[in-house]
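*Asks:* I would like the entire structure built from these sequences, with the hints used as guidance.
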Amino acid sequence: MTANTLPFGIGVGERRALVAFLVRKSGSEMLAEDIAHDAIIRLVEFQSREKVRNSKALLFKIAVNLLINHQRRENRTVEGVTDEFVDERPTQDRAALDSDRLAQLQRAIDALPPLRREVLVRRRLENQSYEEIGRALNLSSAAVEKHVVRALASLRAYQDKHVFEGVSPW
Amino acid sequence: MVIRIGAFRHYEDRIDEIQAQAAFWVARENSGRIREAERIELREWLARSPAHELEYTLADSLYADETLTAALKTAPRLAAQRRALPVKAALEWVQQGLAAIAWPKLVAASLCLALCLASASVLFQPTPDAPAEDSRLARGMVLETRPGERLLVQLPDGSRVELGGDTSAEARFTPTERHFALRRGDAHFDVAHDTSRPFLIQTKRAGVRVVGTRFLISQLDEDTRVDVYDGTVEIRPDSDETSKLLLKRGSRVMIGRDVTITHFDATDENDWRNGWVDEAQISLGDLAKLVERRSGERIVIDNDLTQLKLSGRFRINRPDDLLEKLGHAYGFKKIYKDNTYYLVDGN
Numbered sequence: 001m002t003a004n005t006l007p008f009g010i011g012v013g014e015r016r017a018l019v020a021f022l023v024r025k026s027g028s029e030m031l032a033e034d035i036a037h038d039a040i041i042r043l044v045e046f047q048s049r050e051k052v053r054n055s056k057a058l059l060f061k062i063a064v065n066l067l068i069n070h071q072r073r074e075n076r077t078v079e080g081v082t083d084e085f086v087d088e089r090p091t092q093d094r095a096a097l098d099s100d101r102l103a104q105l106q107r108a109i110d111a112l113p114p115l116r117r118e119v120l121v122r123r124r125l126e127n128q129s130y131e132e133i134g135r136a137l138n139l140s141s142a143a144v145e146k147h148v149v150r151a152l153a154s155l156r157a158y159q160d161k162h163v164f165e166g167v168s169p170w
Numbered sequence: 001m002v003i004r005i006g007a008f009r010h011y012e013d014r015i016d017e018i019q020a021q022a023a024f025w026v027a028r029e030n031s032g033r034i035r036e037a038e039r040i041e042l043r044e045w046l047a048r049s050p051a052h053e054l055e056y057t058l059a060d061s062l063y064a065d066e067t068l069t070a071a072l073k074t075a076p077r078l079a080a081q082r083r084a085l086p087v088k089a090a091l092e093w094v095q096q097g098l099a100a101i102a103w104p105k106l107v108a109a110s111l112c113l114a115l116c117l118a119s120a121s122v123l124f125q126p127t128p129d130a131p132a133e134d135s136r137l138a139r140g141m142v143l144e145t146r147p148g149e150r151l152l153v154q155l156p157d158g159s160r161v162e163l164g165g166d167t168s169a170e171a172r173f174t175p176t177e178r179h180f181a182l183r184r185g186d187a188h189f190d191v192a193h194d195t196s197r198p199f200l201i202q203t204k205r206a207g208v209r210v211v212g213t214r215f216l217i218s219q220l221d222e223d224t225r226v227d228v229y230d231g232t233v234e235i236r237p238d239s240d241e242t243s244k245l246l247l248k249r250g251s252r253v254m255i256g257r258d259v260t261i262t263h264f265d266a267t268d269e270n271d272w273r274n275g276w277v278d279e280a281q282i283s284l285g286d287l288a289k290l291v292e293r294r295s296g297e298r299i300v301i302d303n304d305l306t307q308l309k310l311s312g313r314f315r316i317n318r319p320d321d322l323l324e325k326l327g328h329a330y331g332f333k334k335i336y337k338d339n340t341y342y343l344v345d346g347n
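As they're listed, the protein sequences go chains A and B. Residue numbering for the first sequence follows the UniProt record's numbering, beginning at 1 and increasing consecutively. Residue numbering for the second sequence follows the UniProt record's numbering, beginning at 1 and increasing consecutively.
Calculated directly from the structure, the hints in this document are not laboratory data. Wrong hints could be hidden among the right ones.
[As the list claims (entries may be wrong)] Have a look at the derived ranges for each label pair, beta carbon to beta carbon:
| hint | chain 1 | residue 1 | chain 2 | residue 2 | range |
| --- | --- | --- | --- | --- | --- |
| 1 | B | Asp-258 | A | Ala-103 | 40 to 46 Å |
| 2 | A | Arg-73 | B | Ile-261 | 47 to 53 Å |
| 3 | A | Arg-135 | B | Arg-298 | 30 to 36 Å |
| 4 | A | Glu-33 | B | Lys-325 | 53 to 59 Å |
| 5 | A | Ala-103 | B | Thr-195 | 16 to 22 Å |
| 6 | A | Glu-126 | B | His-328 | 37 to 43 Å |
| 7 | B | Tyr-336 | A | Ala-157 | 56 to 62 Å |
| 8 | A | Ala-143 | B | Glu-66 | 23 to 29 Å |
| 9 | B | Ile-335 | A | Lys-146 | 48 to 54 Å |
| 10 | B | Arg-315 | A | Ala-20 | 51 to 57 Å |
Ideal Cβ placement from N, Cα and C applies to all residues, glycine included.
*Replies:* Structure below.
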């Protein structure tokens, strides 16, 4: 791909940085190239419909989303059943990335207001209904839902903010 | 020409609104009570901008991510009451729970159940620094329900097991392993994570091993099935000791004469609690057993009807409604006499 086929704001240097980032995340150069290519095409489509100020940040975000979807799809192919020869334990690289994500999410959760955090724990971890949570914490169901929504939005905002900080935010 | 005011603003300036809206949809979808009109609205919202679609998928992946549940396990709690429920709170809790699920005639039974839970709760109060758990649990503790009853057991490791009707089980904890035998009936497990102390369940036809996850085991005459709601569950069918199945969220395994693996919708875990079952090709005999267990009603079926195969979503805690509707669809008659439902051929 030459520089003039790249979307506005994205040069060869950005593309190279993206591929390097994806190689770190996925451990596969071929996969990184595929996803970078796909992400750039999506960025062009995106920019045809939305005004974007920081196309580089958006490019990375689109790529991260593609990578997550790819990994989820891969997990799904072995989701039904795997035989005993398949080792489920993650490779060392994957394990390191997972523990980084875990630590990042823990920080993001710690930053939530206590009540909101409690609501999220009850909803997502303990799978309580809005009614159950409302009864336990003396809130209306609508208020419980608002807490879940805001907690999730805060976690997403935290992830976005920290994508480029530190070594491996994802 | 249509001028869209929103389109003049930069994507970056709208990101907070978009993230909030995306979070709203994800929470809504996972609450299990999204309405059809809202689904249409969601589809339209997604089609309106690639930014909506992107934020929605990111929020959805985050919500479904097992890393999130792992992170939440270590989160500071507002009030630590998960492990040691005070007896009174436990009583209220189970009564409220039963009030939500029980039929009027179960109210009397609910008090007895509440007492069961209360004693179980006292019994399982963890003492702060004593690794030795209750001796009765070390020797093996039998848990049983009659048809129509439910029992919620809070174990000292933080695990929660909810027994359905007509169910018999035994819990026995050692320092290195958590044993649970499900002899009859069905149970929903929410197993507390502890890699150093696996949770092992023996059922009629298979052994199940987990370290921390949520799933439902149902035992019928023809098969034993496991529905996985979260995490990974390892299953070894007795018929083939050497093979091991690893199942993830959304998988259902049925172990009978054959071992069959299918998928089910794992988004609504309250389905089972609310009395819904999702079945493909279940015999009327087996379905009637599920109904008997859940509702406590007796059902007698004509011999030539027991093998009738049915598929669909059935609400097993409302026998009268269910049998009436099925009778219309499959051509049999329902007669209620002497506290028993008789199903007879319509012709």
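*Asks:* Compare the structure with the hints numbered earlier in the document and write down the numbers of the violated ones, lowest to highest.
*Replies:* Hint 2 contradicted; others consistent.
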